[in-house]
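> Chains as they are written, first to last, in the numbering used here: chain A, 1 to 97; chain B, 1001 to 1416.
Simulated from the structure, these hints should not be mistaken for laboratory data. Check the hints yourself; a few may be wrong.
[Unchecked claim] Derived contacts from chain B toward chain A, CB cut-off under 8 Å, selection only:
(1) Y1109
(2) F1113
(3) E1251
(4) P1253
(5) L1254
(6) G1300
(7) Y1301
(8) G1303
(9) G1305
(10) S1309
(11) T1401
Even glycine gets a Cβ: it sits at the ideal position worked out from N, Cα and C.
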Amino acid sequence: MLHIYCPYCEEFREEDEFHPVGEAHIERPLEPEALTDEQWSQYLFFRKNPRGLHHEMWVHGAGCRKFFNMTRHTVTYKILETYKMGQQPSVVAEESE
Amino acid sequence: MEKYSGFGLLKHSLSHHENWQRVWRNPTPKKHYDAIIVGGGGHGLATAYYMAKEHGMTNIAVVEKGYLGGGNTARNTTIIRSNYLWDEAAHLYEHSLKLWEGLAQDLNYNLMFSQRGVLNLGHTLQDMRDIERRVSANRLNGIDSQLLNTAEVQDIVPILDCSKTARYPVMGASWQPRGGTARHDAVAWGYARAADALGVDLLQQTEVTGIRRKDGAVCGVETNRGFISADKVACVAAGNSGTLAKMVGMELPLESHPLQAMVSEPIKPIIDTVVMSNHVHGYVSQSDKGDLVIGAGIDGYLGYGQRGSFNIVEHTISAIIEMFPIFSRVRLNRAWGGIVDTTPDACPIISKTHIKGLYFNCGWGTGGFKATPGSGNVFAHTVAKDEPHPLAKAFDIDRFTSGKLIDEHGAAGVAH
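Model the full assembly from the supplied sequences, consistent with the hints where possible.
In structure tokens, the structure reads:
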């Protein structure tokens, strides 16, 4: 079970209290009408799905109920950091595998 | 190919079963193939078999980085059914189920295919509304789906707690008598043996490291055993599809998640059907060996670790025990995880690509095993004829741009 540090509660809590939401740092396009079908499809459906470091959003559903971001390795499941919404990760996922 | 039969078994018993023929060859790669299938799991091997059998393409190879049937084919819970909601999916899975029904004879291989029936339980009023809708849709598509009430469910599974005070009261179920289970390894082995007999080269321990192109068309694959030239490359690599797509700069709308399953110690026959509950993410059947095969829900986060989290195991086991109090003292033998490649609409991608001669069959997510024959059959057509099989047309990758999704989250059996 993952042991997750909530950056808002400033405490380690068990995985049960959290819920993964998906890839982090995806911004909704400001003008959806201006996008082509391909761009809109990219925004809606296409995700990085890396085998390695991944920035992802979680929600502390059974705690403070706030969303935050996490950098986690998708093979070892090791959590490198958690950080508040609006912040940038200090460990950056590599583009390659 | 040596034909398997009862008589053959008797004959070989005289020589203490020491003179059985090798089941398939272990060939060295040729310089050129008409088509290469990347991925030697059930789907890839089925594709190769139908390409050779129905489309006369025998100069083809299956390349597999590990060993045949060593990925999700070996990790699933072996359930077969076709009671999907939408026409497109229902037709595809029903096509597959029909192939299952004659497959052991076709392949001359004992698949231990058992049509023991599949129950999908409803625990809430909304469950029952959804089930009724799905059963009605199934019947319009000619699929043998039935709606059962609590008493009828109890009659089929006496050990299920159907009392009013149960933690998860059973309000009814959908029932597909033609559904059931099959031996997962045997499916891969049966297809491999039959494909090999038709002249297909099965290249194990051969990992694709690149896909070579010339003038916008595929011309072969780079592997750890050197370059192999091919006119067509068909990728059936489940969780590794994204890696292959990246080699040609393509993106696929897939996310990889761990999905867990577990088996108990072998016990005497106690449950002769498959019981699934979407609501509590637990399903159970009993293998011929006697162990209870239990499937769990999916982990919400991305993962390639081939293991899942303990809270999912706990959640599933507690639900199974609530439904089957008699199992409370059964011990678990093993638990494992497989990596499922899920799409946004819980339906597979069976598609040509913008690169000539490159095809993808992936995204089967949590429900690929039951589709093995059908998937191989329609994909073989798609690759051999370079146009989608009528049943595969709706599963084109373009649906994520056009918006014509096939939302099967409800009938896919496991929540995503």
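> Against this structure, judge whether each hint is valid.
To see whether the hints hold, each was checked on the structure:
1. Y1109: violated, 34 Å
2. F1113: Hint on F1113/B: violated, closest Cβ of chain A at ~34 Å, above 8 Å.
3. E1251: holds, 5 Å
4. P1253: holds, 4 Å
5. L1254: holds, 6 Å
6. G1300: Holds, about 4 Å.
7. Y1301: The hint holds - Y1301/B has a Cβ within 8 Å of chain A, the shortest such distance being about 4 Å.
8. G1303: It holds, given that the least Cβ distance between G1303/B and chain A is near 5 Å, below 8 Å.
9. G1305: With a closest approach of 6 Å, the G1305/B hint holds.
10. S1309: holds, 6 Å
11. T1401: This hint holds: T1401/B lies near chain A, its Cβ roughly 4 Å from the closest one there, short of 8 Å.
Of the hints listed earlier, those the structure fails to meet are numbers 1, 2, in rising order.
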